[in-house]
Amino acid sequence: MCTVIKPGMLTTVQDRGRTGYRAFGMPVSGVMDRYAATMANILAGNEPGAAVLEMTMLGGTFRFPSETYLAVCGADMQGTLNGKKIQNWSAFYVPANSELSFGYAVNGCRSYIAFYGGIEVPEVMGSRSTYTRAGIGGFDGRALKADDVIEIGKAGEMPCAPRALSYHHLPKYGNEVRLRVIPGPQDGLFTAEGLQSLFSKSFTVSSRNDRMGVLLEGPTVEHASGADIISDALSAGAIQVPGDGHPIVMMADCQTTGGYAKIGFVIGPDLSRLAQAKAGDSVTFVECSDQEAVAALAAEKAAYEKTAVGVSHGPLGGAPVKGAAASKEV
Amino acid sequence: MSNINIVKAGEQGVVVDFGDVIEPGVNARVHRLAQLISGKMPHEILELVPTYRSLMVYFDPLRISRDALTDKIRLFLDSDAESSEKADTATVVSIPVCYGGEFGPDLEFVASHNKLSVEEVVEIHTSRAYQVYMLGFTPGFPYLGGMSDRIAAPRLAQPRVVIPAGSIGIAGSQTGIYPIQSPGGWQLIGRTPLQLFNPGSADPFLFAAGNYLRFTAIDAGTFQEILRQVESGSYKPVTGTVKQGEDAACAL
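Protein sequence lines, in the order shown, are assigned to chains S and A. Just so you know, the first sequence maps onto residues 1 to 330 in my numbering. Just so you know, the second sequence maps onto residues 1001 to 1252 in my numbering.
Worth flagging that the hints you see were computed from the coordinates, not collected in a lab. Treat the hints with care, since some could be wrong.
[To be verified] Quick look at which bits of chain A chain S covers, simulated, 3 or more residues with Cβ under 8 Å: (1) 1007 to 1020; (2) 1059 to 1070; (3) 1098 to 1104; (4) 1109 to 1118; (5) 1145 to 1157.
These numbers were taken from a predicted model, which means no experiment stands behind them. Glycine is no exception: its CB is placed at the ideal position from the N, C-alpha and C atoms.
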C-alpha cells in the first residue's frame, strides 16, 4: 500500500496501453516512455508491461506503511528515500514507514515508479492505463491526488538487494533530440521544400506538449495543396502537419483518427526520447528505412532481455542486504 | 485493383488506401477487407482500423516483414475481387431518439433554417439507415454517411462547453451522436437513452464501423422507460440486417 502525500504535477497509472479498440475510436494511452517504464518493471522484478506510476515534470511524495521494493527510472527527479538521495535507474528495498519524495526533473520530463507486484487497479477494457479525457482506467480514471491510497499487488518473496541498470543501457537525455522517421502515408502531399525542411531544419518543442501530442515550433513544413485529408487512422508517432505548417507528433493519448496530412511516423523506439523532451528542447528528424526501424526495435527488445537475465541471475537468493550494500548492475 | 495504394504508416503500420473520396461503395470495400482479414486474423496482425476510404493494418514487424504482409493483403484483396458478386449484408442498429425539447434545443432552428416543420425534420432524419463509415474523435463517435441535404445546418457559431452523452446532432450535411459528455458545436436535435460506450461492459461499444444506424422517434415517457432498462442492464439493442452499400430505407 502507498499513500499519496503530494501527487506532483501529473501522476497517472499507466501500462502498455489499451490496444484492440482503436477501430472504435478508443485511444491507446499507456506509458509515454516505453523504455524507461519497461526497465523500471524489469528492475523491480515485474512483467515488462505491468502498471507503473508515470510522473511528469514535478514528482510526488509517497508514504509506505509497509515494506516494499520498487524501481525508479526515466527523468531524474532528485528522488529521496527518507531524506537520502536515491539512485535513478535502479531498484531498491523500501522499509516500512518510509517516505519516497521527488522534486523537479533536472533532466528529462517523465519518471516511472514500478512497485514489485505492480499496481492493483481494475483493468478496464484490458488495461490499467489512465485515459483522463474520458475518465477511464488507472486510479478512478484520473491523475493522482493527495490522500489517494494505491494498492500494490501481491507477488512472491520480495527481493531486497538493490539493482541498477547497466550503464550500457542508460539513455542520455540532452536538450537535442534526434528522431528517426519513416515517411508516409501522405508525404506525397508536401512540396520537395517541405520534405527538405522536415529533414534538414531544427524544431523546438513548444509549451503545447502533453500526453496527446507534441507541437513543434520553428520552421514550417510546406504542403503542396492544403493540409486537410479525408480523416484516416493514426497512432503515436504520426507527424501531422496542420495548415500552419507546424508539425505535431502524436503521442500516447492521441485520437485514433485525424484529418491533417501525415508526412511520416517517428519510429516507436525513438518516441521514448521525445517523451523526455521539454518545452524549449530542439528536435531534428532523420529519414529512416524499415530495416533500420526493425533493427532499432530488435535492439530495444535485446536490452530488455539482457536486463531481465541480469535480474534473474542477481543476488536474489543470496543473503538479504537491506538497503546497505551497493547496487548490483544488471 | 490498380487504384488501391498500400502505403507506410510507421514501422508497424500499413495503410490500404482505396481512393480519395467519401463514398458508400468505397467505404463498403474498406469494411469488406477488414472482415476478410479479421476472419482469418493472422497472428502477426495486431489491429485493424477501418476509416472512410482506407484500412489501417497494425502489425508486428518483428514477426513479419512489410513486403510479406503486403503480399498477404494483396491475396485478401484478390479473394475479395472474386467474391464481389456475392451480396454482403450489414447489421442495422436501431437508435431510439426523443427529438426536440430539452433533448434537442436546436431542432426548431434546423427546421426554420430549412423552411420545414419540426415534424418534417424528424421524418426525414428517421427515414433511412445511415452507414457508420468509421468511429473516431472520441470513443464510439460514429462518422455517418447518407443524411439528406434537406435537413443540413451550419455548426453553432459558439460551441457548447458541455454536451450530454447520447445527444444527436447535425453539422453541415452530417449527423452524429455524442457517445460521451464532451464540448461540441453541432446543432442538437434530440437524445437517445442508449449508452454508446460502456467501458465496464465486456462489449463496450453499441455498434461498430461498417454497421448501419437507424433513428426511431420516441416520446419522453418511452425515453425514461428505455433509460431505466439501460441502467439496469436489461435493455437489448434492436438490430436487423441490410444489404451493404445500398439505400437502407426499408431496413428494420
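Hints the structure fails to honour
As far as the earlier hints go, 3, 4, 5 are violated by this structure, in ascending order.
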